[in-house]
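Residue numbers (our numbering), protein chains in the order written: chain A, 4 to 220; chain B, 4 to 220; chain C, 9 to 236; chain D, 9 to 236.
Honestly, the hints are just simulated from the structure, not real lab data.
As the structure is a prediction and not an experimental result, all values here were calculated from the model.
By construction, the Cβ of each residue, glycine as well, lies at the ideal position given by its N, Cα and C atoms.
It is possible that part of the hints are untrue.
Unchecked claim - For lysine-lysine, the following DSS-like pairs were computed, each having C-alpha atoms within a straight-line distance of at most 25 angstroms: (1) B:K82 / D:K165; (2) D:K165 / A:K82; (3) A:K165 / D:K89; (4) D:K224 / A:K75; (5) A:K141 / C:K11; (6) D:K11 / B:K142; (7) C:K165 / B:K75; (8) A:K82 / D:K227; (9) C:K190 / A:K141; (10) D:K227 / A:K75; (11) D:K138 / C:K152; (12) D:K152 / C:K152; (13) C:K152 / B:K165; (14) B:K82 / C:K165; (15) B:K165 / C:K89.
Unchecked claim - Computed Cβ-Cβ distance ranges for the label pairs, DEER-style: (16) D:K23 / A:G24: 43 to 53 angstroms; (17) D:K138 / C:E140: 11 to 21 angstroms; (18) C:E136 / A:E45: 45 to 55 angstroms; (19) B:K15 / D:V233: 50 to 60 angstroms; (20) D:T87 / B:G188: 51 to 61 angstroms; (21) B:K153 / C:E140: 28 to 38 angstroms.
Listed here are the chains, written in short residue letters.
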Amino acid sequence: MLSQDKRHLIAKRVAEELEEGQIVNLGIGIPTLVPQYLGEKEVYLQSENGLLGIGPAPTEEELDIDLMNAGKEPVTAIKGSSFFSSADSFALIRGGHIDVAILGTLQVDVKGEIANWAVPNQPILGVGGAMDLVAGAKKVIIAATLFNNKGESKLVSNLTYKTSGIRRVELFVSDYAVFKFTDDGVRVVEIIEDITIEELSEKVGISLEYAEEKILN
Amino acid sequence: MLSQDKRHLIAKRVAEELEEGQIVNLGIGIPTLVPQYLGEKEVYLQSENGLLGIGPAPTEEELDIDLMNAGKEPVTAIKGSSFFSSADSFALIRGGHIDVAILGTLQVDVKGEIANWAVPNQPILGVGGAMDLVAGAKKVIIAATLFNNKGESKLVSNLTYKTSGIRRVELFVSDYAVFKFTDDGVRVVEIIEDITIEELSEKVGISLEYAEEKILN
Amino acid sequence: MRKVIQANEVSNLVKSGDTLLVGGFGLSGSPLTLIYELLHSDVSELTVVSNNLGEDGLGLHKLFEAGKIKKMVGSFFSTNKPAVTAWQKGELEIDLIPQGTLAEAIRAGGAGIGGFYTKTAVGTELAEGKEERVINGERYIFEKAIKGDVSFVKAAKADKLGNLIYHTTARNFNPLVATAGKIVIAEVDEIVEVGQLDPEQIITPHAYVDYVIQSKFVKQGVNYVESR
Amino acid sequence: MRKVIQANEVSNLVKSGDTLLVGGFGLSGSPLTLIYELLHSDVSELTVVSNNLGEDGLGLHKLFEAGKIKKMVGSFFSTNKPAVTAWQKGELEIDLIPQGTLAEAIRAGGAGIGGFYTKTAVGTELAEGKEERVINGERYIFEKAIKGDVSFVKAAKADKLGNLIYHTTARNFNPLVATAGKIVIAEVDEIVEVGQLDPEQIITPHAYVDYVIQSKFVKQGVNYVESR
Numbered sequence: 004m005l006s007q008d009k010r011h012l013i014a015k016r017v018a019e020e021l022e023e024g025q026i027v028n029l030g031i032g033i034p035t036l037v038p039q040y041l042g043e044k045e046v047y048l049q050s051e052n053g054l055l056g057i058g059p060a061p062t063e064e065e066l067d068i069d070l071m072n073a074g075k076e077p078v079t080a081i082k083g084s085s086f087f088s089s090a091d092s093f094a095l096i097r098g099g100h101i102d103v104a105i106l107g108t109l110q111v112d113v114k115g116e117i118a119n120w121a122v123p124n125q126p127i128l129g130v131g132g133a134m135d136l137v138a139g140a141k142k143v144i145i146a147a148t149l150f151n152n153k154g155e156s157k158l159v160s161n162l163t164y165k166t167s168g169i170r171r172v173e174l175f176v177s178d179y180a181v182f183k184f185t186d187d188g189v190r191v192v193e194i195i196e197d198i199t200i201e202e203l204s205e206k207v208g209i210s211l212e213y214a215e216e217k218i219l220n
Numbered sequence: 004m005l006s007q008d009k010r011h012l013i014a015k016r017v018a019e020e021l022e023e024g025q026i027v028n029l030g031i032g033i034p035t036l037v038p039q040y041l042g043e044k045e046v047y048l049q050s051e052n053g054l055l056g057i058g059p060a061p062t063e064e065e066l067d068i069d070l071m072n073a074g075k076e077p078v079t080a081i082k083g084s085s086f087f088s089s090a091d092s093f094a095l096i097r098g099g100h101i102d103v104a105i106l107g108t109l110q111v112d113v114k115g116e117i118a119n120w121a122v123p124n125q126p127i128l129g130v131g132g133a134m135d136l137v138a139g140a141k142k143v144i145i146a147a148t149l150f151n152n153k154g155e156s157k158l159v160s161n162l163t164y165k166t167s168g169i170r171r172v173e174l175f176v177s178d179y180a181v182f183k184f185t186d187d188g189v190r191v192v193e194i195i196e197d198i199t200i201e202e203l204s205e206k207v208g209i210s211l212e213y214a215e216e217k218i219l220n
Numbered sequence: 009m010r011k012v013i014q015a016n017e018v019s020n021l022v023k024s025g026d027t028l029l030v031g032g033f034g035l036s037g038s039p040l041t042l043i044y045e046l047l048h049s050d051v052s053e054l055t056v057v058s059n060n061l062g063e064d065g066l067g068l069h070k071l072f073e074a075g076k077i078k079k080m081v082g083s084f085f086s087t088n089k090p091a092v093t094a095w096q097k098g099e100l101e102i103d104l105i106p107q108g109t110l111a112e113a114i115r116a117g118g119a120g121i122g123g124f125y126t127k128t129a130v131g132t133e134l135a136e137g138k139e140e141r142v143i144n145g146e147r148y149i150f151e152k153a154i155k156g157d158v159s160f161v162k163a164a165k166a167d168k169l170g171n172l173i174y175h176t177t178a179r180n181f182n183p184l185v186a187t188a189g190k191i192v193i194a195e196v197d198e199i200v201e202v203g204q205l206d207p208e209q210i211i212t213p214h215a216y217v218d219y220v221i222q223s224k225f226v227k228q229g230v231n232y233v234e235s236r
Numbered sequence: 009m010r011k012v013i014q015a016n017e018v019s020n021l022v023k024s025g026d027t028l029l030v031g032g033f034g035l036s037g038s039p040l041t042l043i044y045e046l047l048h049s050d051v052s053e054l055t056v057v058s059n060n061l062g063e064d065g066l067g068l069h070k071l072f073e074a075g076k077i078k079k080m081v082g083s084f085f086s087t088n089k090p091a092v093t094a095w096q097k098g099e100l101e102i103d104l105i106p107q108g109t110l111a112e113a114i115r116a117g118g119a120g121i122g123g124f125y126t127k128t129a130v131g132t133e134l135a136e137g138k139e140e141r142v143i144n145g146e147r148y149i150f151e152k153a154i155k156g157d158v159s160f161v162k163a164a165k166a167d168k169l170g171n172l173i174y175h176t177t178a179r180n181f182n183p184l185v186a187t188a189g190k191i192v193i194a195e196v197d198e199i200v201e202v203g204q205l206d207p208e209q210i211i212t213p214h215a216y217v218d219y220v221i222q223s224k225f226v227k228q229g230v231n232y233v234e235s236r
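Okay, chain A solo, but in the shape it has when bound:
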């Protein structure tokens, strides 16, 4: 599969997890592809810099440096949107009022703790709102390819990169499988790629099991 196809495959699968009316924050990268797969389902996109209700990309005429998303890309605002300060925006995030944060990551450990802010071997000079979203969102879904560009699994037994916080994410939607994290550890909810769970386990280097969804939910 082409890299671009994988990204869309992941975004489409994540879109299925969202529910009508939810307040959603999207990280940069694959998460930004999710809205195009929502169909009729209406969700409300929040941006850290002070907007609830991000609309479609602006036309050339609509471009306005005042109106940006947290990735500093120009956006529009939908009907019913609202603007607020950064303090009020993070009150919304940290206070548990974002239903779902969809984030990229560098690593996820088997308990669901993630490392998504500090790129290894680079000076650590940027965190932005990453840790606030990890700490505050009601549910965190990771949207990322299972392997990084060196072929290393992002699902790991123990984080070797710097943690983004003690909060464990709920779901990791990858191009190979969907992983769910509970108090019992990681379980495979769904296999996307044409691969057995044994083959997946071998590729990842962790012995993986299917979730018994009926029991877990």
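With the hints as your guide, set chains B, C and D onto chain A.
Same frame as chain A, but now just chains B, C and D:
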């Protein structure tokens, strides 16, 4: 002097202390009489329940239960006024953005610490914004008669009523004299009533001295 | 996603023993319809966080008279004689907090802040038993955030998504309690279509609001009266 | 009480070694006129608190290039290569704080709150050396409030009293820094008469604002360009 005259005398003297453009919070009682003595001097009155820019008392037609001051009396709002939440209002107060708070009191000690919230021998079930104003305003002026209705001096060596906080007020404008509080203690800035400083000292029960204004300022 | 509900659905959302956060300053900006709905319900043992206990015979005071309030958390109850008497008899618990600290604690509860240090009340009786800390040479006391099970909010207008705007000083504690309840119910004078509120003027974004009801009260001078 | 001043009066208000609080998110809502006024002044050794260091060659980055910034306090500098290099060489100090913690700390500074406990960053490298406390069973870290000597604010409109309103997401950190500086200067697109701003819509009441200047920049798509 009639009690009502004393109250107006105090209010008029306090008005002289205010400067054009200041942000002022008025406690209940005598402080509410101050605005009528401001003449051309424009100050902006803040109310704890979320208003900067209190206007004159409303006409019968203007009465609106939504628009109240912190004493729960109907008010109006002037041009250039703004409304905000109680959290934002006390951020303004506690954060040091009120230039002058004019408050009543039960007692002031010789260092300027005041007791103005807990009425003695009554259950202590009300504090309102009193302690926030004492802690936060840039300058606190006490506007009160020097003696309570039992004839006891409100200026005391040590508070016997419950303190409103560790912050010392700057000025006490009474019907007998104006007292200033500095690190060196209380000084008489001005005598209002026809009385000598010795007679005043005797009435109050504290040996009082004049301030040397030129040195103090 | 049906946020607009009927007033009689409200009492199902509140349970006995709940902590209820209620906006309003005295009666001004008080969610009277929501409060009075509980009079006909069997909820009791409520802890109510609100600046005042309404006014004698009105607002939250009616809930207290009906024996539904176990504890009040607020800043000013002195002028409410029946509440003072009940407190003296041990029939009502009261937790007295300076008004600014109360507002800040509710905001903190809604904002994911566990607690904070304030200058207000340092050295006073209301600081007794509270941790004190010197920060940059100034004395502060620690206050914990306040959260609730259910919040009652009064706003001027809601759109159908639940975005809220307020009217003058009736705003007061309302936007704060709107952030800090597990279930947030707003009583409004007018419900408008989505898009009719100015995005720059919305004070409470719809993310905070679970339900909206039409107020049964209208303003008449310095009173709110039940509309016919 | 003359609040409206000329841009060239600004540099007299800032001293070397000052802590400067600057609104804006990247360049969006950045007070460019105020920032660029300092380029021609002899102030130096500034500590600047702002989410970013502008963008390469623009905004705060110009102050940095001019050697006027000793230390940055903010949340995201990774994409600013010259800043990263300067930090590696020890020529620029950087204090990295999560974006929400930064916003809350500035708000606290303006609100008379000494410090607060946040859930954000618990257990991470950014919590190292910070006090941790369990409140109601959850882990939090302590953060101190942030205050400044001078605040640079960008708003859409000011009235002549200094009341401010903002435009869309250019609001961001601006209302926060407006509360937390000893001297607060607002750069605005338009100065209007008192009474022309809706009292319900004013975000920064004039009590916070010491001076107002007319911005020299206008929007042109995704840029601010100097007006002629």
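_Outcome of range test on Cβ distance (D:T87, B:G188; 51 to 61 angstroms)_ = This hint holds: roughly 58 angstroms between Cβ atoms.
*With 28 to 38 angstroms as the target window, see if B:K153 and C:E140 comply at their CB atoms.*
Holds, at about 35 angstroms.
_D:K11 and B:K142 were given as a pair; does the straight-line alpha-carbon distance stay at or below 25 angstroms?_
Distance ~22 angstroms between D:K11 and B:K142 Cα, so the pair holds.
*asked:* Hint check: B:K165 vs C:K89, CA-CA at most 25 angstroms. Holds or violated?
replied: 22 angstroms, holds
*Taking only the CA atoms, is the gap from D:K227 to A:K75 under or equal to 25 angstroms?*
16 angstroms, holds
_Next pair to validate is D:K152 with C:K152; report whether the Cα-Cα distance is within 25 angstroms._
Holds, because 16 angstroms separates the two Cα atoms, which is no more than 25 angstroms.
*Determine whether the Cβ-Cβ distance between C:E136 and A:E45 falls within the hinted range of 45 to 55 angstroms.*
52 angstroms, holds
*Would the pair D:K165 and A:K82 pass a check requiring their Cα atoms to be no farther apart than 25 angstroms?*
Roughly 23 angstroms separates the two Cα atoms, so the pair holds.
*Between A:K82 and D:K227, is the straight-line Cα distance small enough, at 25 angstroms or below?*
23 angstroms, holds
*Are C:K165 and B:K75 close enough, with their CA atoms no more than 25 angstroms apart?*
23 angstroms, holds
_25 angstroms limit on alpha-carbon distance, applied to hinted pair D:K224 and A:K75_ = 23 angstroms, holds
*Kindly confirm whether 50 to 60 angstroms is satisfied by the beta carbon distance between B:K15 and D:V233.*
Cβ of B:K15 to Cβ of D:V233: about 55 angstroms, so the range 50 to 60 angstroms holds.
Checked against the numbered hints above, the structure violates none of them.
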